[in-house]
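These protein sequences, in sequence, are chains A and B.
Counting in full-length UniProt numbering, the first sequence tops out at residue 261, every number present.
Counting in full-length UniProt numbering, the second sequence tops out at residue 261, every number present.
Hints were generated in silico from the structure; no laboratory data involved.
One or more hints might be untrue.
DMTMM-like mimics (lysine to aspartate or glutamate), calculated; alpha carbons at most 25 Å apart, straight line [as the list claims (entries may be wrong)]:
1) Lys124(A) - Glu99(B)
2) Lys123(A) - Asp165(B)
3) Lys83(A) - Asp28(A)
Now for the letters of each chain:
Protein chains: 2
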Amino acid sequence: MRWIKFTAEGRTAYGILEGDRIAEVAGDPFAGYETTSRRHDLAAVKIEVPLIPRTFYAAGLNYVEHVIEGAKKRGETPNIPTKADIGYRAVNALIAHGENVVIPADAGEKIHYEGEIVAVIGKKAKNLSEAEALSCVMGWTIGNDVSERTWQKNDRTFWRGKNTDTFKPMGPWIDTDFDMEAATTNVRLNGEIRTSFATGHMLFSTAHFISVMTRYLTLWPGDVIWLGTDGVSPDLKHGDVVDVEITGLGNLRNTFVREGL
Amino acid sequence: MRWIKFTAEGRTAYGILEGDRIAEVAGDPFAGYETTSRRHDLAAVKIEVPLIPRTFYAAGLNYVEHVIEGAKKRGETPNIPTKADIGYRAVNALIAHGENVVIPADAGEKIHYEGEIVAVIGKKAKNLSEAEALSCVMGWTIGNDVSERTWQKNDRTFWRGKNTDTFKPMGPWIDTDFDMEAATTNVRLNGEIRTSFATGHMLFSTAHFISVMTRYLTLWPGDVIWLGTDGVSPDLKHGDVVDVEITGLGNLRNTFVREGL
């Protein structure tokens, strides 16, 4: 089942996607819903960010090649994480499928994409074993962890480098039946595949992260966990279109524009 | 005016505090409210966390003595921030005035308090000058940025060291008329003042933070900015009671208990 949040006829609502039609619901997938008789064409609605997370978790470094290539680019020794220490991103930066990533006028040239699989939490969870960890996941979506590498390197935190407004595209929908093991993440720049990796080949699995995290913290319905990326991005320029496709799940498309151009 | 969130007679609501009485409202201070005829004794209600932030910002290092003494304790050279780079904390960790901070059984001995003034954002804001920055602040509350220093030092992120469940007491209420310049932050351990500093003597003022932040990000109603602490904390033990008083604003009291004792 695919959950989509959308605006149509001046109203923002959740719906269930059936092919290219949306069955609008009253309520939401977290607190409960009822189906309505309203139907919409997917092509005719404005797709919204699928949810505003309660807490926005992000694994950061969770695929080997990304760690090695990133370190090489910075002239550093790769520091492959030995523990599943989760990080954070900020809600202000979220935008929907189809919206523009706006690069501030004073940003550097190293603007990079990071295509990521995102776990959406549906149930309150604490102290889950790795075997039962995925029981709190209600579905999966796609994220693009856009980064300005100069700020990321030189600021004391990731506040601008990772969390500038519009730097966190997420969507287009939440899929409750996604099969991670069969999936490939393909990132296209202006239509051409530039990064491709097996979505499930992580350093630490989603189940491992959830099990470790819930020893110390409670996961809540509406939390999201972005699970990291592999490979490296070219420097993105004004007008570039980036598609993050995860096979069997969907495609998240955003255009990058530079402020003031 | 003081806004308080509370539970009484099985209902959680916002109210306006008048002396030791609460005038219950329908709605909230962010989206709008109407006063009701219901009144409660402050002493008879359960005080709740004053709000669940949309984004939970934290200045981290923002008072000179805290930076210097912290570095000394770790045997490092003090690294006083030269820029107002904001950080983040996590919503899962919030607890209310009067609730227990629960130290995990496997935590180390270096459990520390950090008494902080907290700005509560009431209006959407982008690109505010320093002169107009405080116009988006609807009020002020108190936070205790509880920290486990061994995890804080050794983990790749602050996920356990700062954001373990219960590590972020906030409250007891939001004061819309607070005068920062006249205020002192007093932190008491079991009734005795152990840390005391001028609340407003920050490295970077609230207005400066907001002005810098809103060059890159949008502040939203319900965001909070924790503004850092001064001084150092003794190691806290099972049964310790910590009061963070900010004069003219209120007192945030929490008891520390160690899991499994």
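Problem - Hint numbers not upheld by this structure, sorted from lowest to highest - result: 3
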